[in-house]
Amino acid sequence: MLKNPIIKALVYFLLFSSIAFIAIFLVTITAILVKNSIGTINLGFILNAPKNGMSEGGIFPIIIGTILVTMVSALMAIPLGIFSAIYLCEYAKDSYYTNLIRISIRNLAAVPSIVYGLFGLAIFVKSLQFGTSALSAGLTLGILTLPTIITTSEEALKTVPSALKQAGYSLGLTEWQVLTKTTLPVAMPGILTGIILGVSRAMGETAPILFTGVAFYIPNLSLNLNNQFMALPYHLYIMSTQHHDIDGVRGIAYSTASVLLILTLLLNIISSSLRMKFRKDLKK
Amino acid sequence: MLRKKITSAYLKNILFKNLFKISSLTSIIILLSLLVFLLKESAPMISEVPFSDFFLSRNWNPDGWNGEFYGILNILYSTLYVSALTMLISIPIGIFAAIFISELSPPLLKTILKPLIELLAGIPSVVIGFFGIVFIGPLIAKLFHQYNILSALNGAFLLSIMVLPTIISLSDDAITAVSDDLRHASLALGANRLEMIFTIVLPAAKSGIIASIMLGFGRAIGETMAVLMACGNALRFTGNIFDPIRTITATIAIELGEVAYYSTHYHALFGIGLVLFILAFIINNIAEMFIKKGHKLKC
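From first to last, the protein sequence lines stand for chains L and G. All letters in the first sequence, in the order written, are residues 3 to 286 by the working numbering. All letters in the second sequence, in the order written, are residues 16 to 314 by the working numbering.
Calculated directly from the structure, the hints in this document are not laboratory data. A hint or two may mislead.
[Claimed, not checked] Once the Cα atoms are required to be at most 27 Å apart in a straight line, the calculated DSSO-like pairs of lysine-lysine come out as:
no., chain 1, residue 1, chain 2, residue 2
1, L, K183, G, K32
2, L, K160, L, K183
3, L, K183, L, K95
4, G, K55, L, K160
5, L, K160, G, K157
6, G, K308, G, K129
7, G, K125, L, K10
8, G, K308, L, K5
9, L, K167, L, K5
10, L, K167, G, K125
11, L, K183, G, K221
Computed from a predicted model, the values in this text were never measured in an experiment.
If we strip away everything but chain L, and leave its shape as in the complex, we get:
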């Protein structure tokens, strides 16, 4: 059947168009969001607070809220993630226990984000009594990004040539010294890739923060971790579905979407170029 030139051409066309579909989607979504932001988006939009029941003004406190809660999640997930990866890659033997850890990580990665939201509500907001706050939401997001950081860090550590490590051991260094003097510095760009990916994921998530601390509107900008906060993804959600004048604030919604999209795309581009450089350096 695949000898028929017409069918062959058709299959080649389908193979090519499936890739074209993805490229076209990426270009379309960016173009449409950015095009419709023109007119609302400017420096004032970034640097001002929302006004008049959020039907005018900018998104400054919302950006700050997103940065704040992302930082909490990073502070939790980065050390835990890297430490776990180091253990799995450098110390762990192929035992029942390490197998259990790996299974847990893979299953954590598959947990729906809204379930993390429920979990955050039950454990941080209620049981630990952090209330609906930036702290609760940040910790929930931290848990969500943990599997990403562990897996990417472990992959980066795995690619470090064992000859480097053995050279260290042959000089009489301890495991800790080999780790800090050779393994970690070599794997750092790869680990950084994972951190950036995790951070960008935490920044764009909405479902986990819905019930753990994000607020519709807060009049005063607060950096207190015990207070509620505003966040970019949630702001986009309410501006496009919950606001009392949805058609009137479309411009704001488009601009918020553009800011969020560009921020996450930038982080992703940084992380993939870092990874490419890392791979090239290792080959040398």
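Take the given structure of chain L and dock chain G to it, following the hints.
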């Protein structure tokens, strides 16, 4: 002096080794406590909502005028329906794209395409949902002369975009892992390139591809913001792709914000969260099984 230096180095060594070991425990602890807390928060529901009403009733109506009803069947069906629709769109596109990347694209193009796919995975779901409201939804309504802008098809299309990176990158890995000996043998026997791909390479990569589809399906079931914004959220039992529907995830997102803590409704929302967790867990582990099977075949 030297001795002191050595002991401090060894102390540090042991100290950090244990720190790393304890950190690695957190994943197990988190997974277990996830299950425990979901069970704990949904358990009171068992005495308040009969088991059969929960699993066998289509009526989900927490504030009905003649009582509260917590039947999961309708929203569970809608979740599976929109996910199945998603897979119908994303499986052919995903596998074809994976074939293109691994078998046909020159190395230079590959270094552009792979990050491009990852970029797609990086778009926040709320942005994709917004795009569904302002562009994809109206486009579908216009193309098929429909009244509803928000529909199951709209949600499924957006979900397809979101699961494509999973399907493509894992299928690509599986196809790339197929030994070149097989390729050369089939070419030597007179197969053309497409015959080689579809009759030799794809069957050899079957386990990995199935795993990628399962993982994509799991993601589709658990996705919240895109379906919440794009599907219209009407509680309906429908097979029409142009009708609005409401999934489990959307139900939790809509209702948990307004519910009184520790009411029956609150417990019921944790109950459907638990169902979602178990579904994702089962699907993920079936996928793991296929990945393992794929590895075994190669060795």
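For each hint, the structure was consulted:
1. K183/L x K32/G: 16 Å, holds
2. K160/L x K183/L: The hint holds at about 16 Å.
3. K183/L x K95/L: 22 Å, holds
4. K55/G x K160/L: Measuring from Cα to Cα gives roughly 39 Å; hence the hint is violated.
5. K160/L x K157/G: 51 Å, violated
6. K308/G x K129/G: 25 Å, holds
7. K125/G x K10/L: Holds: K125/G and K10/L sit about 22 Å apart, inside 27 Å.
8. K308/G x K5/L: Measuring from Cα to Cα gives roughly 32 Å; hence the hint is violated.
9. K167/L x K5/L: Violated, because 53 Å separates the two Cα atoms, which is more than 27 Å.
10. K167/L x K125/G: Violated. K167/L to K125/G sits at ~32 Å, over the 27 Å cutoff.
11. K183/L x K221/G: 43 Å, violated
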